[in-house]
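*Asks:* Using the sequences provided together with the hints, build the complete structure.
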Amino acid sequence: MKSPVVVSLTSYPRRIGTTAVTVRSILNQDVRPDELILWLSPDQFPGGIKSLPDDLQTLQKQGLDIRWCEDNRSYKKLIPALKEYPDAVLVTADDDVDYHSTWLLELLVGHLLRPKDVIAHRGHRVCRGADGGLLPYRQWLKEVPGSLPSFENFATGCGGILYPPGSLHPDVGDSTLFNEICPHGDDIWFWGMTLRNGTRVSLLYETDFRLCTVPGTEESSLWIQNVRQGGNDRMIQALLQRFPEILSRLPPCAHAEAKVSIIVPVYNTASIHIQQCLRSLLSQSYQNIEILCIDDGSGLWETLGCLQRFLLADKRVQVFRINNGGPASARNFGISFATGEYIAFVDSDDYVSPHYIRDLVAAIRQDGHPDRQVAVAGRILCFDDKSQSQSKPSGYEGLKRLPPMEVAREAIHTTGVSCNKLYRSSFLRENGIRYLNGERSFAEDNYFSALVAIYARGRMGIADESCYCYRQHSESITKRIDWAGIQSAALVYEKLKAELVARGLPDLNYWHSAINRRALKDLRYNAKGIDSSGDAMANVFRRFSSRIDVCCIADDKYFLPTAVFLETIRASLGPYTTVSITVLVPQGSFAKMSSLSGQSSEKFSVRVAEVAVDRFEGLHKYDSENSFCMASPSALIKFVIPEIFPELDRILYLDTDLMVRKDLLDLYMAPIEDVYLAAVTDMWMPVTDRVEVKRFGSYFNSGVMLMNLAAMRRDEVPEKLIAAKARSTNFNLMDQDVFNEVCHGKVLGLDISYNFLPVCYKRHKHRFRIDVMNTLYGSSYPTVEAMANDPAIAHWAGSDKPWKTAETLFAEEWREAYRRLEEAGVFVQDEQTVV
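Using this note's numbering, the first residue of the sequence shown is number 993, and each one after it goes up by one.
Read the hints as simulated data drawn from the structure, not as lab findings. Please note that the accuracy of each hint is not assured.
Unchecked claim - SDA-like mimics (lysine to any residue), calculated; alpha carbons at most 25 Å apart, straight line:
#1 K1754 <-> V1764
#2 K1487 <-> D1474
#3 K1489 <-> P1395
#4 K1654 <-> D1474
#5 K1487 <-> W1475
#6 K1793 <-> R1812
#7 K1487 <-> K1549
#8 K1549 <-> G1741
#9 K1307 <-> W1132
#10 K1307 <-> K1489
#11 K1754 <-> G1741
#12 K1754 <-> T1800
As the list claims (entries may be wrong) - Derived Cβ-Cβ restraints for the label pairs, each shown as a range:
#13 E1237 <-> L1140: 19 to 25 Å
#14 F1329 <-> S1093: 27 to 33 Å
#15 K1487 <-> P1346: 35 to 41 Å
#16 R1705 <-> S1592: 35 to 41 Å
#17 L1304 <-> V1023: 18 to 24 Å
Just so it is clear, the structure is predicted and the values come from calculations on it, not from any experiment. Backbone N, C-alpha and C fix where the C-beta goes; we use that ideal spot for every residue, glycine too.
*Replies:* And the structure:
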């Protein structure tokens, strides 16, 4: 070392009785300083050396130099030394700390690596607010672990600070200035003088420093006044007002590094795997982290010893030991003790990419998305003990442009992994999101992840470059799946559905359907090769059938078409879809129509309900010359469907002059959270001349409507529909024009497949342009003919009904359904016949 090394400290009467402990720890350093000076004021010790404690006087013989100076309170630890030793490397120490034996050596090594920087064992990160000013001192990032040189680093004197020659501004020793501006804040004054001089502060990475105060000294520390009573903030503001150039040294857009709590459940993990995991976390470029290792009752000394070594080596590591309860219990324990603004989970045998946390924080805090609650790592690297690896995307890439409810639904279906994400801790706590305690299953993550998806909806970001590295074990819970494991996983999903019921979640059937879909995907995949009773496995699967609520309207003149309509729904059901359908009939039609309930089966429930239609009398006026209307006034029952089903949040309405050709679950699961209904733009729109249609950007057909009953009740849409019908002078259609008028701007467009009009197609196929049709429906059909190939619903709106003519598309398919019912004797009493 070219310059002499001088360690300097001070004390005062209240503290002098324990100062020898600090002095002795410095004299016992592995590397001793050239000088160790204790600066005291004769005004405070008028008796001189003889008034000092005996143990302190004795230490003079071992290398302590006691000198006398002007009383400038805590400034005495540096100001007189600066004057006496302008060319020395000065190291300040506090008189209430017992320093570890390599304390000085670590500071000197840091100085050799960065000779122009101020070096400190301990420091905070200065944080600026949105207005450009500094945040209050208590909101700064405290005890930031090792950091590269920065003007934002604020060294704290208790850890010891090394000042190279010439590192402080010449005004540092002006007692008039520091007594006026920072009378009780020497650390603040020295930081300000460091910045004014253009010197950066470096916080040590490799340090064994732990703040170990001398017993009995804590309550006399200056921080009581400065921190608790706001003294620091007053002095900082005074400093910046006098020297505004200090603020200009700080980056103009400096953001606080919010703390991230990383929860690592551990159970008998091999030492080599724990080391790889924790080293990947401790070496993160994002430094403001705490690592909560939750030891879940490990019995291996190898595991416990490894955790203990990391606990002692880095203050960011904490170790908790709990009784064995499984990963879910360990993670829940970690959530309760996490203090970070964000929470991440990493399993103890996995590891993460070097910028994993940084990239996730950036994704969740991205400008323009202040409401993001979750960030997802863009990639997952799967590897096994044989070093075979496979990198794959996280599964969220295709969700970015979907509506929020659809994002949630697809997130539930796509991936249940919880460890490759970052969560706002407030989001988890405010929504009561936890893992399911006590269930050890390959589906345990899915319980937690489904709740996250439901409450986050679309408020997710993706960190494209972030990678979670997942170790696959042949003996892991996800690999050792047997019949008991299938039953356990099924129980997890059933408890998840019960949890949503207990929470009173709106649109419950939608979320249950999403969970059923995920459960079936998991159970069927993992059941491959398991030896169990076929009936037993099928019974498990049936527990996750999804129910669709459907309603239609018909009177006794429409018995035959309605019966066939019901049969087409029944025949199109998927293996795990059930339908509950209500046939709404006007007064006077119930006697005949009630027999439709006889078409019910195990998965297909038909109920006939009579509805009073008195309130609709006179609402529709027929115009025999200009009207296109072929519907009866009973169609106006559509207006009050939200009132008829007060217990439901959504329902699929279908006209009965149509045929269902495919399972309706995907249609039923359309995301209608922010609209009144989902419907298909009327096929007549591109070819019609009706002004009433053309005035709408997208005029929909009301024969197929997925209705958001909750929103329609909330906004009193039934009353608005009736009022609009009452004042209407357009009587071409019974209800469709009114629905378009009242619901305009609150409709989700569906693919033409869900309401294909064979009559319109037959008459105007030659006039359709495929580019116009694809733009209208947001589809990508290659040709006009492709639209008609295989629609989910064929709707004979208008004339050319399939029971009146066989010369219409899909007529034979409809008639096949009719023949099945005829053979079953459904139409014995019916007067209607098929031509």
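*Asks:* Work down the list of hints and note, for each, if the structure agrees.
*Replies:* For each hint, the structure was consulted:
1. K1754 <-> V1764: 18 Å, holds
2. K1487 <-> D1474: 20 Å, holds
3. K1489 <-> P1395: 23 Å, holds
4. K1654 <-> D1474: 34 Å, violated
5. K1487 <-> W1475: At roughly 19 Å apart (the allowed maximum being 25 Å), W1475 and K1487 satisfy the hint.
6. K1793 <-> R1812: The given pair, whose Cα atoms are some 19 Å apart, holds under the 25 Å limit.
7. K1487 <-> K1549: 46 Å, violated
8. K1549 <-> G1741: Roughly 32 Å separates the two Cα atoms, so the pair is violated.
9. K1307 <-> W1132: 18 Å, holds
10. K1307 <-> K1489: 41 Å, violated
11. K1754 <-> G1741: Roughly 23 Å between the alpha carbons, so the hint for K1754 and G1741 holds.
12. K1754 <-> T1800: 8 Å, holds
13. E1237 <-> L1140: 19 to 25 Å: Check passed, 22 Å falls within 19 to 25 Å.
14. F1329 <-> S1093: 27 to 33 Å: Cβ of F1329 to Cβ of S1093: about 32 Å, so the range 27 to 33 Å holds.
15. K1487 <-> P1346: 35 to 41 Å: For K1487 and P1346 the Cβ distance comes to about 38 Å; the hint holds.
16. R1705 <-> S1592: 35 to 41 Å: 28 Å, violated
17. L1304 <-> V1023: 18 to 24 Å: 22 Å, holds
Hint check: violations occur at hints 4, 7, 8, 10 and 16; the rest are consistent with the structure.
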